[in-house]
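Asks: Following the hints, put chain Z in place on chain B, whose structure we already have.
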Amino acid sequence: MSGSANKNLKATVNKRTRKRMLVIFVIFILLGVVPVFINLFYVQIVKHDFYLGKATTQQMRNATITPARGTIYDRNMKKLAVSATVETVYINPSSVESDEQAELIADGLSDILGVDRETVLEKTKKKNYYEIIKRKVEKEEADRVREFKVEHKLKAIELVEDTKRYYPYGNFASSVIGFVGTDNYGLQGVEAYYDEELQGLPGKITSAKNASGTAMPLEYEQYIDPENGKNLVLTIDEVVQHYVEKHLENAVIEHNVQQRGAAIVMNVKTGEILALANKPDYDLNDPFALTDEFELSIESLEGDEYNAAVSEYLNQIWRNKVVSDTYEPGSVFKTVTAAIGLEEKKVSLDSTFYCPGYYMVGKTRVGCWKHAGHGSETFLKGLENSCNPVFMQVGLSIGTDLFYKYFDAFGLREKTGIDLPGEAEGIPHTYENLSNPISLATSSFGQTFKVTPIQMLTAVAAVTNGGYLVQPHVAKEFVDDNGVVIQSVDTTPKRQVISAETSATVANMMEQVVSSGTGGNAYLQGYRIGGKTATSEKTDQRDENGQVTKYSVSFVGIAPADDPMYAILVMLDEPNTSVTSGGQLVAPVVRNIFNDILPYLGVVPQYTPEELANLEISVPNVIGSDVKTAKTELSNAGFTYRIEGEGQTVVDQVPKTGERLSKGSSIILYTAESATSSLIVPDVIGCTPAEAKERLEAAGFNIKEIGTLGETDCFAVKQSLAHGTAAAAGTVVEVTFLKDTHGAE
Amino acid sequence: MTKSRKRPVAAEPLQPKKSKSIDLPFLLMVAILCMMGIVMVFSASYASAYYKYGNSYYFVQDQLIWLILGVIVMFVMAFMSTPKFLKVIAIPSLVVAVGLLALVPFIGVVRNDAKRWLKFGPISIQPSEIAKIAIILSFAYLITRSGEKIKTFRYGILPYVGILGVVGFLLIKQPHYSATILIFAVGGAMLIVGGINLKWVAGLAAVVIPAAAIIFMKSSYALSRIQRWLDPWSDPLGKGYQTIQSLYAVGSGGLFGLGLGKSRQKQLYLPEPQNDFIFAIVCEELGLIGALIILLLFVALVWRGFLIAFRAPDRFSALVVMGIMVKLGLQVVLNVAVVTNLMPNTGISLPFFSAGGSALLVQMFEMGIVLGVSRYSRSGG
Numbered sequence: 001m002s003g004s005a006n007k008n009l010k011a012t013v014n015k016r017t018r019k020r021m022l023v024i025f026v027i028f029i030l031l032g033v034v035p036v037f038i039n040l041f042y043v044q045i046v047k048h049d050f051y052l053g054k055a056t057t058q059q060m061r062n063a064t065i066t067p068a069r070g071t072i073y074d075r076n077m078k079k080l081a082v083s084a085t086v087e088t089v090y091i092n093p094s095s096v097e098s099d100e101q102a103e104l105i106a107d108g109l110s111d112i113l114g115v116d117r118e119t120v121l122e123k124t125k126k127k128n129y130y131e132i133i134k135r136k137v138e139k140e141e142a143d144r145v146r147e148f149k150v151e152h153k154l155k156a157i158e159l160v161e162d163t164k165r166y167y168p169y170g171n172f173a174s175s176v177i178g179f180v181g182t183d184n185y186g187l188q189g190v191e192a193y194y195d196e197e198l199q200g201l202p203g204k205i206t207s208a209k210n211a212s213g214t215a216m217p218l219e220y221e222q223y224i225d226p227e228n229g230k231n232l233v234l235t236i237d238e239v240v241q242h243y244v245e246k247h248l249e250n251a252v253i254e255h256n257v258q259q260r261g262a263a264i265v266m267n268v269k270t271g272e273i274l275a276l277a278n279k280p281d282y283d284l285n286d287p288f289a290l291t292d293e294f295e296l297s298i299e300s301l302e303g304d305e306y307n308a309a310v311s312e313y314l315n316q317i318w319r320n321k322v323v324s325d326t327y328e329p330g331s332v333f334k335t336v337t338a339a340i341g342l343e344e345k346k347v348s349l350d351s352t353f354y355c356p357g358y359y360m361v362g363k364t365r366v367g368c369w370k371h372a373g374h375g376s377e378t379f380l381k382g383l384e385n386s387c388n389p390v391f392m393q394v395g396l397s398i399g400t401d402l403f404y405k406y407f408d409a410f411g412l413r414e415k416t417g418i419d420l421p422g423e424a425e426g427i428p429h430t431y432e433n434l435s436n437p438i439s440l441a442t443s444s445f446g447q448t449f450k451v452t453p454i455q456m457l458t459a460v461a462a463v464t465n466g467g468y469l470v471q472p473h474v475a476k477e478f479v480d481d482n483g484v485v486i487q488s489v490d491t492t493p494k495r496q497v498i499s500a501e502t503s504a505t506v507a508n509m510m511e512q513v514v515s516s517g518t519g520g521n522a523y524l525q526g527y528r529i530g531g532k533t534a535t536s537e538k539t540d541q542r543d544e545n546g547q548v549t550k551y552s553v554s555f556v557g558i559a560p561a562d563d564p565m566y567a568i569l570v571m572l573d574e575p576n577t578s579v580t581s582g583g584q585l586v587a588p589v590v591r592n593i594f595n596d597i598l599p600y601l602g603v604v605p606q607y608t609p610e611e612l613a614n615l616e617i618s619v620p621n622v623i624g625s626d627v628k629t630a631k632t633e634l635s636n637a638g639f640t641y642r643i644e645g646e647g648q649t650v651v652d653q654v655p656k657t658g659e660r661l662s663k664g665s666s667i668i669l670y671t672a673e674s675a676t677s678s679l680i681v682p683d684v685i686g687c688t689p690a691e692a693k694e695r696l697e698a699a700g701f702n703i704k705e706i707g708t709l710g711e712t713d714c715f716a717v718k719q720s721l722a723h724g725t726a727a728a729a730g731t732v733v734e735v736t737f738l739k740d741t742h743g744a745e
Numbered sequence: 001m002t003k004s005r006k007r008p009v010a011a012e013p014l015q016p017k018k019s020k021s022i023d024l025p026f027l028l029m030v031a032i033l034c035m036m037g038i039v040m041v042f043s044a045s046y047a048s049a050y051y052k053y054g055n056s057y058y059f060v061q062d063q064l065i066w067l068i069l070g071v072i073v074m075f076v077m078a079f080m081s082t083p084k085f086l087k088v089i090a091i092p093s094l095v096v097a098v099g100l101l102a103l104v105p106f107i108g109v110v111r112n113d114a115k116r117w118l119k120f121g122p123i124s125i126q127p128s129e130i131a132k133i134a135i136i137l138s139f140a141y142l143i144t145r146s147g148e149k150i151k152t153f154r155y156g157i158l159p160y161v162g163i164l165g166v167v168g169f170l171l172i173k174q175p176h177y178s179a180t181i182l183i184f185a186v187g188g189a190m191l192i193v194g195g196i197n198l199k200w201v202a203g204l205a206a207v208v209i210p211a212a213a214i215i216f217m218k219s220s221y222a223l224s225r226i227q228r229w230l231d232p233w234s235d236p237l238g239k240g241y242q243t244i245q246s247l248y249a250v251g252s253g254g255l256f257g258l259g260l261g262k263s264r265q266k267q268l269y270l271p272e273p274q275n276d277f278i279f280a281i282v283c284e285e286l287g288l289i290g291a292l293i294i295l296l297l298f299v300a301l302v303w304r305g306f307l308i309a310f311r312a313p314d315r316f317s318a319l320v321v322m323g324i325m326v327k328l329g330l331q332v333v334l335n336v337a338v339v340t341n342l343m344p345n346t347g348i349s350l351p352f353f354s355a356g357g358s359a360l361l362v363q364m365f366e367m368g369i370v371l372g373v374s375r376y377s378r379s380g381g
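Residue numbers (the numbering used here), protein chains in the order written: chain B, 1 to 745; chain Z, 1 to 381.
Think of the hints as simulated: they come from the structure by calculation, not from any bench.
Certain hints may be false.
Okay, the calculated bits of chain Z under chain B, using three or more residues with CB under 8 angstroms as the criterion [to be verified]:
1) 246-252
2) 294-307
Below, simulated DSS-like cross-link-like pairs (lysine-lysine); rule was C-alpha separation at most 30 angstroms, straight line [claimed, not checked]:
3) 415(B) to 494(B)
4) 119(Z) to 15(B)
5) 10(B) to 52(Z)
6) 15(B) to 52(Z)
7) 155(B) to 52(Z)
8) 47(B) to 15(B)
9) 125(B) to 79(B)
10) 78(B) to 54(B)
11) 628(B) to 693(B)
12) 262(Z) to 204(B)
13) 19(B) to 84(Z)
14) 84(Z) to 151(Z)
Across the chosen pairs, the derived CB separations fall in these ranges [claimed, not checked]:
15) 16(B) to 105(Z): 37 to 45 angstroms
16) 208(Z) to 30(B): 18 to 26 angstroms
17) 185(B) to 218(Z): 29 to 37 angstroms
18) 181(B) to 241(Z): 21 to 29 angstroms
19) 203(B) to 260(Z): 27 to 35 angstroms
20) 39(Z) to 181(B): 54 to 62 angstroms
21) 214(Z) to 56(B): 26 to 34 angstroms
22) 218(Z) to 132(B): 45 to 53 angstroms
23) 53(Z) to 50(B): 43 to 51 angstroms
24) 61(Z) to 56(B): 30 to 38 angstroms
25) 124(Z) to 16(B): 39 to 47 angstroms
26) 50(B) to 260(Z): 43 to 51 angstroms
Values in this document were obtained by computation on a predicted structure and should not be read as measured data.
Beta carbons: idealized from backbone N, C-alpha and C, even for Gly.
Pulled out of the complex, with its shape left as it was, chain B reads as follows (with noise of 0.2 angstroms):
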């Protein structure tokens, strides 16, 4: 070492390194400290929320709770569908601890759960943190699973609560219910028409999770509790419900309907569907399920050929009618045309008209359904009959622009808004097309054009309750789980389309189309019901000869006829019989939802002073009774008796207490045990009311009727017991008559 370099070594700080290490510094905090730190500003801050937002994106495990569906009831708060906790059982593959476990797992799992072991073991071994193993598990199997898990320490079977739909009855209101998918959506009916209403708010819990997914310890976690769907009470009543479907699928398969029946029952004055039904429907529990008839015929089927027609099928049996199919209404619409001729004063109940069997519009014959010609008639004596002349005259006189303004004004232009989904809209006539006079006059008896089921029975409301056009619905309210009502469906009708006046004709003279014309096979004793008959050729579906030879055929019928509350639409899509008219297939069915349906409704029976004499008693019990006593007790009732035996006590009667029978007929009494005498049933069928109860007593049986006024026109179509039976003397036979009311009108 040099003694310069020693010298320099001891050298002490001078002013140029000082000021050089004083740049550095500068330097170090200048193109250092500063930039690191607006970066620092820029990631932190500026861009926090987005890093934030990415961060808690991954950090964060969100489960959902799904909210309990809304529960279904009826108008009376009869559950017609109803949720029900069940689990979805999965794995979280990461968890799996070897490959032991992965087969302990497989093994438990497709044991308790019956699911196939090789898929369960597959999931173990995905590279992801949630592998569904089942859904819809039931609570027992739910706690099988639990305590295998606890068994065997098992972290990487978890559970999660879901929830499934039950409909306790089956295919019950199956049309207006509706059914969920496996994902909790309503797929039909209500149950999708109102799915968000009766979904709910899901909940969620927010755990945070560490990178390998499992919760992290004493970190925090949030609980966003679930909103439940409301309950959404129906306008239907269980009840109406019942026998409608009962009537309507005994109708469908009697008359060996094609294209399935559709049948409402509405309240005209608020528009509340008190029953609809589509008949052959489906079990809302198993909406999938096919026939068995069905699966014969697509056996051949492959692939996707079987599933177009799997899907078909399923479309059209889950096919609400009512809403989604549109018709030619036929004579049903000529309350509607009556309706307007009235309120604008172009005809009146006793205009006359002639009816030669035809009507000339132009050129252009149009025939009337009695090709002999119903000859001179009034108004109303045309709608009894049901006579197209007539009503192309009205129809005619009414004029284009009247005809098309009420056609809007009863709301067949447009979707009535009823709560299901998938209404269609009607085929109407345009302006240029009923300016055409054979359209407007066609369009009076109800054909070329089309409407759906219940934008007729919404128009034949208006035309019958005064004159308002209705809002027809099926939901009532929302209540919540305590029941207190959270929401109501307002009721109040869209506007008036005819004055109260011309409905109250129209509904006169509907009551006389059922009393006295074609429509008589709904007649009710003690009901005022009024109706109107359709058979509507399906004028758009002819064969290769240009004939029409399909034709729904309906009825509509209104209760009671002096103040309408209830309206019923019944509809049979190509039935397959010989005869082909609504007054005979229809009328009878309406007439027996009424039977049943208006007692329950609570409106009181009003009887002619014809009805009350022949009106039906109902049978006392006198059995116990000494036969003195007896025989006062029914001379008192009304009914006259027959004493089998010597003995002084009664022993037994036929008929049996409760049956409600016509004054004047006989009961029968036994005073000994063994004295009951069998005899056979006489054959009444084709008989007069007068013939067949004339039979039948004088054979030593009591007559009921069914569907006759008393009149001698209809004879006997049905009996209760066949012919050549044996039955206890006095035994009650019920006869069904029905009014001969010729072919299509």
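Replies: Same frame as chain B, but now just chain Z:
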């Protein structure tokens, strides 16, 4: 011959004067940073320590032992080391450091794709840590010895380029770019302060920077890191993962942070959160405010170190102190730059914070040197 004996000589009025005590503000700041560091090591590591080892204290207990050792080393150096002692060990330390670096390719241990460690029984050391302080000491010695000849190429450039070349070559072979950058930067700063002709600085920069860039570009290791830097989301679960997770942590901190101990990113998202990326957890838990306080503490420490250098008894001590402080300041800046993705990930640790025994030990050793020099500060200097 002691310096105090020279004090009376009037011809040298700026002779060093032995002060009685070490620089207390400097010591205080070191102490605060050490305490913050150990707290953060615990906070950052307890979750992953728990998951991996079932013991939340796994990392912090090690770090605490090293810190205690470090404090002892610091005080030993603070009270025992003299400028003369440092001059004596300057050149031998360089020889030892180069020797150890030269051993790495042969007996080094590979960790995280790089061969940087030497293992002697239970103790593993990073020769690069020793090389850094050795460069500081030897440069200070050589610069001071050269006196005014430092302005020449032969004395001012050649030996240093030679030393940096050898050390740089050995470091790049590992590869250890952050250490290379640090050593070059610290060496360069010392040469500038040491008085080299500034035209050489420009010339050197013109040669070294492109050369470094070329070497960097040719290395696939470096290239993949750059790619990761420019677009960490191009491979979010692979190469970009650590950077993305670090940004998530820093970004979610916001102004005030999630609170001490409340980091979520340390829950196995950010790999090895107690190491090079510990500052990300600091930012997440303490927010921009906390990060700024720590940054300002470092700046204050560096400034205090520079003051000690200003008042140093001689040029040699001044250069050593300045070199140490430049190294520390640079490490902080580079570390924060990496954590916030301002710079590609080079594996640079944060002084006093990042867990790691040998680095902490060397750090405390250096602080001891600074404190030792501070004992000889000239009053009013």
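Asks: Now, for every hint given, state plainly whether the structure supports it.
Replies: We went through each hint and held it up to the structure:
Counting residues of the stretch 246-252 of chain Z whose C-beta sits closer than 8 angstroms to any C-beta of chain B gives 6, which meets the bar of three, so the coverage hint holds. Note: the stretch 294-307 of chain Z has 5 residues with beta-carbon separation from chain B under 8 angstroms; the three-residue rule is met and the coverage holds. Note on residue 415(B) and residue 494(B): the hinted pairing holds, with a Cα-Cα distance of about 13 angstroms set against a maximum of 30 angstroms. For the suggested pair residue 119(Z) and residue 15(B), the alpha carbons sit about 45 angstroms apart, so the restraint of at most 30 angstroms is broken.
Simply put, residue 10(B) and residue 52(Z) have alpha-carbon atoms about 55 angstroms apart, too far for the 30 angstroms limit, and the pair is violated. The suggested pairing of residue 15(B) with residue 52(Z) is violated, with an alpha-carbon distance near 56 angstroms, which exceeds 30 angstroms. Distance hint between residue 155(B) and residue 52(Z) is fulfilled; the C-alpha atoms sit about 18 angstroms from each other, no more than 30 angstroms. Restraint check for residue 47(B) and residue 15(B): the C-alpha separation of about 45 angstroms exceeds 30 angstroms, so the hint is violated.
For the hint linking residue 125(B) to residue 79(B), the alpha-carbon distance of about 44 angstroms lies beyond 30 angstroms, and the restraint is violated. With a CA separation close to 49 angstroms, the supplied pair residue 78(B) and residue 54(B) exceeds the 30 angstroms bound. Taken as a hint, the residue 628(B) and residue 693(B) pair is honoured in the structure, with Cα atoms around 28 angstroms apart against an allowance of 30 angstroms. Proximity of residue 262(Z) to residue 204(B) is assessed by CA-CA distance (about 23 angstroms); at most 30 angstroms being required, the pair is judged to hold.
Pair hint residue 19(B) plus residue 84(Z) holds up; C-alpha atoms about 25 angstroms apart against a cutoff of 30 angstroms. For the hint linking residue 84(Z) to residue 151(Z), the alpha-carbon distance of about 25 angstroms falls within 30 angstroms, and the restraint holds. A hinted range of 37 to 45 angstroms for the beta carbons of residue 16(B) and residue 105(Z) is consistent with their spacing of about 41 angstroms. A C-beta distance of roughly 21 angstroms is found between residue 208(Z) and residue 30(B), which places it inside the suggested range of 18 to 26 angstroms.
A beta carbon spacing of about 60 angstroms between residue 185(B) and residue 218(Z) contradicts the range 29 to 37 angstroms that was offered as a hint. At about 40 angstroms, the beta-carbon gap between residue 181(B) and residue 241(Z) misses the expected band of 21 to 29 angstroms. Distance hint check: the CB atoms of residue 203(B) and residue 260(Z) are about 32 angstroms apart, consistent with the given range 27 to 35 angstroms. Residue 39(Z) and residue 181(B) have their C-beta atoms about 55 angstroms apart, which keeps the hinted 54 to 62 angstroms range intact.
Separation of residue 214(Z) from residue 56(B) is about 43 angstroms and departs from the stated range, judged on CB atoms against 26 to 34 angstroms. The given range of 45 to 53 angstroms is respected by residue 218(Z) and residue 132(B), whose C-beta atoms sit roughly 51 angstroms from each other. A hinted range of 43 to 51 angstroms is violated for the C-beta pair residue 53(Z) and residue 50(B), which are about 34 angstroms apart. Taking 30 to 38 angstroms as the suggested C-beta distance range, the pair residue 61(Z) and residue 56(B) conforms, at roughly 32 angstroms.
Taking 39 to 47 angstroms as the suggested C-beta distance range, the pair residue 124(Z) and residue 16(B) conforms, at roughly 42 angstroms. Here the CB-CB span from residue 50(B) to residue 260(Z) is close to 24 angstroms, at odds with the stated 43 to 51 angstroms.
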